[in-house]
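Protein chains: 2
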Amino acid sequence: MKRPPDISITRLAIYLRFLEDYLRAKGPQATINSTELAGFLDINHHQIRKDLSYFGKFGKQGIGYPVEELKDKISRILGLGKERYLCLCGLGNLGSALLAYRGFKQKNLNIVAVFDNDPVKIGRTVAGVKVYGPKAIIPVVKRFNIDIAIVAVPQAAAQDIADRLIKAGIRAILNFAPLKLNVPKRVRLRDVDLSAELINLTYFISSLL
Amino acid sequence: MKRPPDISITRLAIYLRFLEDYLRAKGPQATINSTELAGFLDINHHQIRKDLSYFGKFGKQGIGYPVEELKDKISRILGLGKERYLCLCGLGNLGSALLAYRGFKQKNLNIVAVFDNDPVKIGRTVAGVKVYGPKAIIPVVKRFNIDIAIVAVPQAAAQDIADRLIKAGIRAILNFAPLKLNVPKRVRLRDVDLSAELINLTYFISSLL
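Just so you know, the sequences run in chain order C and G.
Residues 1 to 209 (this note's numbering) make up the first sequence, in order.
Residues 1 to 209 (this note's numbering) make up the second sequence, in order.
Be careful, since some hints might not be right.
Same chains, same label: a pair holds when it works inside one copy or across any pair of copies.
[As the list claims (entries may be wrong)] Here are the simulated lysine to aspartate or glutamate pairs, EDC-like style, with alpha carbons at most 20 Å apart: (1) Lys135 - Asp147; (2) Lys50 - Asp160; (3) Lys180 - Glu197; (4) Lys50 - Asp6; (5) Lys180 - Asp21; (6) Lys180 - Glu20.
No lab work stands behind these hints, which were simulated from the structure alone.
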């Protein structure tokens, strides 16, 4: 199987989100074809078929895809078929917002530990999750089989936290800190740049003028 | 000029971020060619050339692009050449994190008003920005020439806030609330789904197994 590009994976996540909503609205017998899906999502239907083609054949020509089956298949492709254990590093405003975010849990993504260096927060339980100091990263990551870390600490602390996470055996990091972390090849790093989202809007607005 | 797809705009924002860092590291005389840029960013160099081609010719064959010129040109393309005025709706954890986020200001994106319905917060000044009640949306948006709104309110309040923003003449909304807002065609809507970012990581982890 050819490895699909990152951008196809991102689109699969978008398809999944839409299909979940569609299934709730239309019921378990719903079907959809790639042209309909393209119309709803404003994505080219050739692109949709190409994205899905990386993972084998879906649906029948002319009939479309059974939505429930497609949703489940995409969900498994994306690695969401089983429970995942995550840790959150940094319980500031952004970390607190992420801990409260309900979308993760719906996708089997469970934050099971929080790390922060504030003595006032260490030892407390927030939103059902215990807060540990940074020194606990290695034992806690191992104990809970955590393989994904969300980094939402200040810039100055981010590389140190990343180093501890890597030593603990973490396999993927979602980084909100505004710097490029050094991680070994075996660790998957994804940076979230909130201003990139806004830039799409500024482009749109100025291209109208 | 052919309208570039959304995904090219998203990549231009990524190029811009990289070029800013590169310029700081290498100085104002730096040049870069698309193959080097491709190597740093792990994006196909044909793709990079294609993205840039929507906006005319850049650089000279064989010599590469002068980084400063490329950065400025992309910045203008993305509508970042002038100051923009934004409002933030919702000063919970996520809203507070967004208000403190420094990346916006660096790109001429200025949050000049906050709206929240908590009487304790209304009238206060947070991070230099005044907090207003939702009834002030229409006059404040007009007075400050705000054309982009960031919506970080709870799901139940989001459509009502969006309706007020639209009445006030807002042109673009960045929505963090987990629902699809109804907006007229003339208003650009972009939804941020934080779980989509994590899904890229779960895919990577499970595809290794």
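Verification of the supplied hints:
For the identical chains of this complex, Lys135 and Asp147 are intra-copy neighbours only, at 18 Å inside a copy versus 45 Å across copies, given an alpha-carbon limit of 20 Å. Proximity of Lys50 and Asp160 under a CA criterion of 20 Å is satisfied in neither setting, with 40 Å inside one chain copy and 38 Å between copies. Taking the shortest Cα distances, Lys180 and Glu197 sit within 20 Å of each other both inside one copy (18 Å) and across copies (17 Å). Proximity of Lys50 and Asp6 under a CA criterion of 20 Å is satisfied in both settings, with 13 Å inside one chain copy and 18 Å between copies.
For the homomeric pair Lys180 and Asp21, the shortest alpha-carbon distance between copies (10 Å) is at most 20 Å, but the shortest distance inside one copy (35 Å) is not. Within a single copy, Lys180 and Glu20 get their C-alpha atoms only as close as 34 Å, which misses the 20 Å cut-off; across copies the closest is 13 Å, which meets it.
Of the numbered hints given earlier, the model fails hint 2 alone.
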